[in-house]
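Protein chains: 2
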Amino acid sequence: MITNYYAVIMAGGGGTRLWPLSRKDSPKQVLPLVGERSLFQAAVDRLDGIFEPGQIYVVTVAEQAKALQAQCPQIPTENYLLEPMPRGTASVVGLAAIALRHRDPQAVMAALTADHVFQNEGRFRELLLSAFDSARQGHLVTLGITPTFPSTGYGYIQQGEWVESQRGLDVYHALRFVEKPDERRARQMLESGDHAWNSGMFVWEVGRILAEFERQMPGLASKLSEISKAWDQPQRESVIQQNWPKIQPETIDYGIMENARDVVVIPAEGLGWNDVGSWEALFEALPADEEGNIVLGDGYIPVDTRGVLVYKKSSPRLIVTIGVEDLVVVDTGDVLLICKKDQAQKVRQVVKRLEDSGTDYL
Amino acid sequence: MITNYYAVIMAGGGGTRLWPLSRKDSPKQVLPLVGERSLFQAAVDRLDGIFEPGQIYVVTVAEQAKALQAQCPQIPTENYLLEPMPRGTASVVGLAAIALRHRDPQAVMAALTADHVFQNEGRFRELLLSAFDSARQGHLVTLGITPTFPSTGYGYIQQGEWVESQRGLDVYHALRFVEKPDERRARQMLESGDHAWNSGMFVWEVGRILAEFERQMPGLASKLSEISKAWDQPQRESVIQQNWPKIQPETIDYGIMENARDVVVIPAEGLGWNDVGSWEALFEALPADEEGNIVLGDGYIPVDTRGVLVYKKSSPRLIVTIGVEDLVVVDTGDVLLICKKDQAQKVRQVVKRLEDSGTDYL
Numbered sequence: 002m003i004t005n006y007y008a009v010i011m012a013g014g015g016g017t018r019l020w021p022l023s024r025k026d027s028p029k030q031v032l033p034l035v036g037e038r039s040l041f042q043a044a045v046d047r048l049d050g051i052f053e054p055g056q057i058y059v060v061t062v063a064e065q066a067k068a069l070q071a072q073c074p075q076i077p078t079e080n081y082l083l084e085p086m087p088r089g090t091a092s093v094v095g096l097a098a099i100a101l102r103h104r105d106p107q108a109v110m111a112a113l114t115a116d117h118v119f120q121n122e123g124r125f126r127e128l129l130l131s132a133f134d135s136a137r138q139g140h141l142v143t144l145g146i147t148p149t150f151p152s153t154g155y156g157y158i159q160q161g162e163w164v165e166s167q168r169g170l171d172v173y174h175a176l177r178f179v180e181k182p183d184e185r186r187a188r189q190m191l192e193s194g195d196h197a198w199n200s201g202m203f204v205w206e207v208g209r210i211l212a213e214f215e216r217q218m219p220g221l222a223s224k225l226s227e228i229s230k231a232w233d234q235p236q237r238e239s240v241i242q243q244n245w246p247k248i249q250p251e252t253i254d255y256g257i258m259e260n261a262r263d264v265v266v267i268p269a270e271g272l273g274w275n276d277v278g279s280w281e282a283l284f285e286a287l288p289a290d291e292e293g294n295i296v297l298g299d300g301y302i303p304v305d306t307r308g309v310l311v312y313k314k315s316s317p318r319l320i321v322t323i324g325v326e327d328l329v330v331v332d333t334g335d336v337l338l339i340c341k342k343d344q345a346q347k348v349r350q351v352v353k354r355l356e357d358s359g360t361d362y363l
Numbered sequence: 002m003i004t005n006y007y008a009v010i011m012a013g014g015g016g017t018r019l020w021p022l023s024r025k026d027s028p029k030q031v032l033p034l035v036g037e038r039s040l041f042q043a044a045v046d047r048l049d050g051i052f053e054p055g056q057i058y059v060v061t062v063a064e065q066a067k068a069l070q071a072q073c074p075q076i077p078t079e080n081y082l083l084e085p086m087p088r089g090t091a092s093v094v095g096l097a098a099i100a101l102r103h104r105d106p107q108a109v110m111a112a113l114t115a116d117h118v119f120q121n122e123g124r125f126r127e128l129l130l131s132a133f134d135s136a137r138q139g140h141l142v143t144l145g146i147t148p149t150f151p152s153t154g155y156g157y158i159q160q161g162e163w164v165e166s167q168r169g170l171d172v173y174h175a176l177r178f179v180e181k182p183d184e185r186r187a188r189q190m191l192e193s194g195d196h197a198w199n200s201g202m203f204v205w206e207v208g209r210i211l212a213e214f215e216r217q218m219p220g221l222a223s224k225l226s227e228i229s230k231a232w233d234q235p236q237r238e239s240v241i242q243q244n245w246p247k248i249q250p251e252t253i254d255y256g257i258m259e260n261a262r263d264v265v266v267i268p269a270e271g272l273g274w275n276d277v278g279s280w281e282a283l284f285e286a287l288p289a290d291e292e293g294n295i296v297l298g299d300g301y302i303p304v305d306t307r308g309v310l311v312y313k314k315s316s317p318r319l320i321v322t323i324g325v326e327d328l329v330v331v332d333t334g335d336v337l338l339i340c341k342k343d344q345a346q347k348v349r350q351v352v353k354r355l356e357d358s359g360t361d362y363l
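So the sequences go chain by chain: A and B.
Residue numbering for the first sequence follows this note's numbering, starting at 2 and increasing by one per position.
Residue numbering for the second sequence follows this note's numbering, starting at 2 and increasing by one per position.
What the hints contain is simulated information worked out from the structure, not anything from laboratory work.
Incorrect hints may appear among the rest.
Claimed, not checked - For the chain A half of the interface with chain B, some residues (derived, Cβ under 8 Å), not all of them: (1) T322; (2) D332; (3) I339; (4) K347.
Keep in mind it's a predicted model, so treat the numbers as computed, not measured.
Glycine included, every Cβ here is placed at the ideal spot set by N, Cα and C.
Isolated chain A (complex conformation):
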């Protein structure tokens, strides 16, 4: 365990693209989507050997805190930081940064996702340690993923000049952040060889990132400053409650990283990374049988069926498919989704419709 190194797991997301499995009170990170452990538990487990539980922080919303604490009771309760309401990843990082500065002014923190999977977790730990060492030099480090296909679902980071090598991994100046591209652009970036996927995970010194907040997001910085002043006071909670609703929702990528100084990227290969961001992404993360089918749960009979993902872990009913292909079938008991694989992004439309009609299924 290395002094001054801390992990912050951002675990307040909704994951509506994995509806109807992911719900308001059981979002995707608390679900055992891949394997026996939930995505959140897996995110904590893979930090083993780098951090003591006391060095791990979790930022989440009040509705989800209980479920997360129950899943990882080894993390001290005071390390669960609560957002009164979601205000984007910029505010999440800011809240964690002031908490850590109070504990350790020399803190170096990793901002990690709670809902991604890595097939090669050892490789992830190597990348993380390289990033910490680089961050200690004062860089704002982004964890990159060397692309394996022209994905239109991820953002990209263009690598500039070589900066240094840390624990055998090359660190590059980050030239530019590119939002989710169209297919032609994705193909160009894949072929260019100098673009990495933006994993949405970062490592930096707490002092460095808070300085960037002051420079680039003074509104948020002043609210964080008020919270910071009250941190060791009885009124900490009420100051957070007062300030939080006034925060403009913003992502750390857009609010800080795109225009930050001294941003570097460490592209890593062989991680087997997947953001499990959609039903289509789950197809990539899970092993298929000979017919290309992925079945989670018992009681399924496929007849002339190919490329189908069936999720029925919580459903006792028998499911039979005949003569279909490239479908996602999700049975949660109260909802049944049947979706063509390549149109899984439209799940969001359905969630929107249900929100508008004020239904129970969210």
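Given the coordinates of chain A, work out where chain B should sit on it, guided by the hints.
Leaving out everything else, chain B in the frame of chain A:
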């Protein structure tokens, strides 16, 4: 009501092609597949104005008798004739024929199905009355349906010489029965103009059909004769129980009609007939919305969905389909079937598999 005319509804079928809706103890004829009333109730309703309830007989198996009686209590209990076990339509017709001969030696009987739909029931009654009048001349009458498309799912009857006209409908000599053809052959028969679909419904004098049993199926005829002798005796039931298991299963079409003397066919147009024999056939029988979807039950959200039949009358759960077409989706609560429309015949394979594995879902 016309003296000597009787209707016999054959209601002992299983309907495994409509699994998982059609089950051993609730087969398709007791289900409200089309409209509010069950197929059996509709089969009885459409005889209104031709028969008194006492002129209607029902042949079924013991397991189904209670459900049928509950649905049509106006038919006298003694008119429900029970097969100890299914032995094909030949034995069904034979049992009804001896029951009717005991009641009325001049009886003319219609052998009708319990699981077909007619959009134009008035037209059906006209056809039925024409058939009765023709049967009274001594003919074995088959109710034909003028084909509207080259179906490979129905049998055909080739029409020969014109025999007579009854109530404005032409009666033809039936030259030949053709089993379900392949598509090329079906197209030829449609174009020929001299083939009718075999509806599986027939009208004949009881004496005439029993004479055909003696000539063509002497084994069955001798068993029927023993049952007939005991008909008014206390041991009727036990004689049926003794003889029935020894009957070779056979259809009336194959066992009698194909080689019977003086068979005629009355082809009728405009009946809107459908045998509701499969999920694909249900598509034909039910009105679709603008997207070609047919939805039976509440709580369904289609997104970019076309040509889908959703049956969820007994399921409270929300069903969402995205980007799919030409599917049958049947949710019975304990079973969910997702089947490509043109592969609905494979439902039988699934039923076979479930039978072999001794499951509860049948």
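Q) Hint by hint, which ones does the structure fall short of? A) none
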